[in-house]
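Colleague: What follows is each chain in one-letter form.
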Amino acid sequence: MSSYHLDHLQFLETEAIHIMREVAAEFERRALLFSGGKDSICLLRLAEKAFRPSDIPMPFLNVETGHEFPELIEFRDRRAKQLGAKLIVRTVEEAFKKGIAHPTPGQISRNQLQIPVLLGAIEEFRFDCCIGGARRDEEKARAKERFFSFRDSFGQWDPKNQRPEIWNLYNARLNPGENMRVFPLSNWTEMDVWEYIKREKLEVPNIYFSHERECFRRGGQWLPVPPAHNDNGKPDPYDGARPKPTEKFSKLIVRVRTIADMISTGMIESRADSVDDIIAEIAAARVTERGTRADDKASEAAMEDRKKAGYF
Amino acid sequence: MPHSQHPIEILRFNTCGSVDDGKSTLIGRLLYDSKSIMEDQMEALERSADITGGGQINLANLTDGLRAEREQGITIDVAYRYFATPRRKFIVADTPGHVQYTRNMVTGASTANLSVVLVDARQGVIEQTRRHTFIAAMLGIPHLVIAVNKMDLVDWSEDRFWEIRDAIEAFLPKLDVFKDVKFIPISALNGDNVVDPSKHTPWFEGPTLLRHLETVHIASDWNLSAFRFPVQWVNRPNDPTNHDLHDFRGLSGQIAGGIVKVGQKIFVLPSGLKSTVKQIWTYDGPVQEAFCPQSVTLVLEHDLDISRGDMIVGIENLPGMTADLYARVGWMNPRALVAGKKFLLKHGTQTVQAIVNSLESKVNIHTFDSEPLPTEIAMNEIGEIRVRTAKPLVFDGYGTNRLTGSFILIEQGTNATVAAGMLLPPSELVKPEYTDFAI
Ligand SMILES: Nc1nc2c(ncn2[C@@H]2O[C@H](COP(=O)(O)OP(=O)(O)OP(=O)(O)O)[C@@H](O)[C@H]2O)c(=O)[nH]1
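Same order as they appear, the protein sequences are chains A and B. Heads up: the first sequence begins at 767 in the working numbering, then just goes up one per residue. Heads up: the second sequence begins at 691 in the working numbering, then just goes up one per residue.
Chain B on its own, in the form it takes in the complex:
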């Protein structure tokens, strides 16, 4: 452990917005101005500037890591970049702006604490601004930054900045999930208000983007209130030569919610079996308690029939448990989703057969209103569906717990990941009595 100094926190953020709003340039600028670009990377940039850029270096080439991206000047897939300042470490996902690559944007955003949505000051709020803001909200990303970029091209107009801000604030209440939203006028190309304050915006009192990223309060994203432990791998050393290990039967996994303590009573779901936590085993020695998202191995008092896909929960704050699910999905396949289709559904450590029974509604990205009973949900659209699974899922609403409230759909045959699913809160919770008959 680093002793005296404060433990360093990681902030994960993604940049999104429409094509050419300047996402890659912005990340290049952050890295460049925070002195995170190394000399050999700089040389490579200069080499390609001489070849293709007429001598002008292109900061976007720092993250556009694929040949096709550099050739077309667009971002196709997420690029991850890492940098640190004395205050924080950052994991940045540069996500593509094209509607066509929305699934890659969802990939990069799904694990973020904060989203930076870029808006081109000349264009103002366009469909992709709305789509990406909506997706950030849907994914439950707590912090939002709207970076109004290319301010140099609108003469640093304060009026223009406010116009855009008003347009976005007009629809934010419909989303209503962000803990905080910050608007910052920038020029990614020239670096104004990215790392260093701009002399062109005397009217702007807020922090620069980097200052905000360094200081925004990221209260734990993890749910610490209800214990959830999806059993990932049964740990049986089966070592006849070692007496201690001969009977060792551990349940390995990553805590997906709450805190577990030695001596605590637990339920195993869906079976409803009861037991007590006898030991919390880790490689570094047994511990008295462990919390989300630590990876541990639990040893229970009783030798129960438990396998991968089962969920161990605390006896308070019980989850939902049903095979009839209601969820919001982001569809990511060129073949549209229609009712009646079967998929594999992966939720936590369990993969089950599932059928989409009905399409309940679809979001209109222009108005954010729901349109009832669509006939299909096309690629990059968002809708609400009813799904039935072959086995009940033990789950929480996505808003309560991102780990136990999320799933993906996998198409059989092609094995493509076709949807990101977010479960709505259960209408009914597991009843403690349920578990009584099963002791």
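For reference, chain A alone in the conformation it holds in the complex:
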């Protein structure tokens, strides 16, 4: 007998499906930002639930810094293929060539540079809406985000002047050049994501599970040692991101809790090698998942500033 009652995951799921379908109905040129990370993996399942038996009515879009974990790229490509979706990849490297982004002197991380690449892709394909996997519990500027987050024609977010968002009535109206970022997982926590991965038996890239890896200590974190540079005449893309002789270096049993690229993802020491272990680990965790991200540590307003400029 059914009790006509939804548990918390079923509630979050139906809320997200409703939002995905609003996107399909209200926008003409939409894309789904798919990185292969745990949040976007949930987005894909929600898209299947929202649109099957039809095709998912939007391509997947990913911005590469060039410093990605190879495991993630492999997983991303495979998943897109399995789902029969078109995958659009735009890279920071290409953007350098086209002149829409420029290397920042002295800065190895290309995290900031994802912004012009993303905005470039939005312009190139004239996307009016991008679905992203950001969650409000990740970070306190994100906690201020609407489900439907309006961006002006420069891709900027104006946090002091957001549209009221009342009930489940989303105002999707845009003028030419403007666009919308939509975040169906807004109300999900890190725990909800893993519980959903468990319930739906979703595959995740193996770097989320504990494995042995060479790491080095920098800025209070264990960073992965980048892949070897086969000196093909080109400059080492990881120049500056390799351990210096003075830095502590060791082989550790680690996993990632949140994935940026190899330069900005701190590895956590962990023996969690199943989804159940990860759920137990998060339940006992004393730091937030973003505590392992170098990109957020820059300043108290690091995320707010990037978001205003057009970040995910």
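FYI, nobody ran anything at the bench for these hints, they're computed from the structure. Built from N, CA and C at the ideal position, the CB exists for glycine as well. One should not assume that every hint holds.
Ranges of calculated distance between the beta carbons of each label pair, as one might list FRET restraints [said to hold, decoys possible]: (1) B/N932 with A/K864: 35 to 43 Å; (2) A/A1075 with B/E1006: 30 to 38 Å; (3) A/R984 with B/A1068: 42 to 50 Å; (4) A/I1045 with B/E733: 34 to 42 Å; (5) A/P1001 with B/T931: 47 to 55 Å; (6) A/S1016 with B/P776: 35 to 43 Å; (7) B/S961 with A/E889: 40 to 48 Å.
Once you have looked at the hints, place chain B with the ligand on chain A.
Modeller: Chain B with the ligand in isolation, oriented as in the chain A frame:
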């Protein structure tokens, strides 16, 4: 499914009240005392305490996520926070106290099961207390908590607590929608009666705030009595290679009221066409029945002309259907509302042109009385209006169904969301005969 254990429920609540009543501090305290603050968040708080706070950590900085908010020490927009105890999961909306940001308060409150209205014990009941209590009532939030805060600054005076309680109980009957109202004396700053009982209030017998949030009975907010299905997206795989899918024509949407079963007769409104539910399709396989607020895809017996914006309803408990609407609105734009203005109106999955024909009344926030025939409804004011839409809406009164009884107004050109609208119950329901000629 988690097997043996009880399914975990989500309680959504918001904190409101005037500027500096301590909303952000209260949420910080709830998170802190329920051990939901992580070490890196704590470190960030301590860092900013050293820089700006003379070493004293400021719990409000946990939710004031924008630079401008931290600089000015005020909340501008809603911040959402998430925490869980073994009993429940909580989604908290910390909503701003400034009158100027009332629209953001409405944003945070519109989806809440429970509202916590803070009152500064020194100031007692002020205009914002009344406004926010009124808005909570207007939005149909079933549970209300009045947290009398800063009790430490009035020497934990029981008399003062009762004075405030009496002042609020004097006007509550005018609102008359809350299922329950709880008064709790607290100090958000020191944590008294927030998570742990206070030793300063031996005279107070009630639960702490967190205990109340964990145990208040949130009977389903959803309407399960009248089937309503706003068609959101027509699902046509159009796959010529797959025989089963070639003719598949599904209607996808989120059930906005009631229960639907395979074999059930339905009407499609406004056309009045009739059919029967042939299949309830979900990604996880077909189901025999589905209920509000599940998202499903319906397949009907007949291949009818149905598109986004149509509403499928059960043949009993019919809704209203008219283009002449009477509604209460909360106005959210600096340019006041005057009669004769045109807007886009979004109701369920339908967006239509609309004109505001007349302003019928406006609420006086000091007395809660209605003042008839105002010339305008200004920002943050609440009034009743008549609206005419280009196409009839299929709707219920907001009091009966929050999903089919609500709408927003959008200003053309700027695309600003300018009003939250709540429809009054229809004066007439769709007649079953209406649908007969249309078969
Ligand atoms: N003594 C005392 N001070 C308190 C208490 N609660 C909050 N305060 C102080 O009151 C001031 C305002 O608190 P906030 O939490 O920022 O107020 P708010 O209601 O969030 O304000 P807005 O968000 O701008 O509407 C701060 O200086 C707090 O430290 C309390 O229980 N006792």
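Colleague: Of the numbered hints stated previously, which ones are contradicted by the structure, given in increasing order?
Modeller: Those not satisfied are hints 2, 3, 4.
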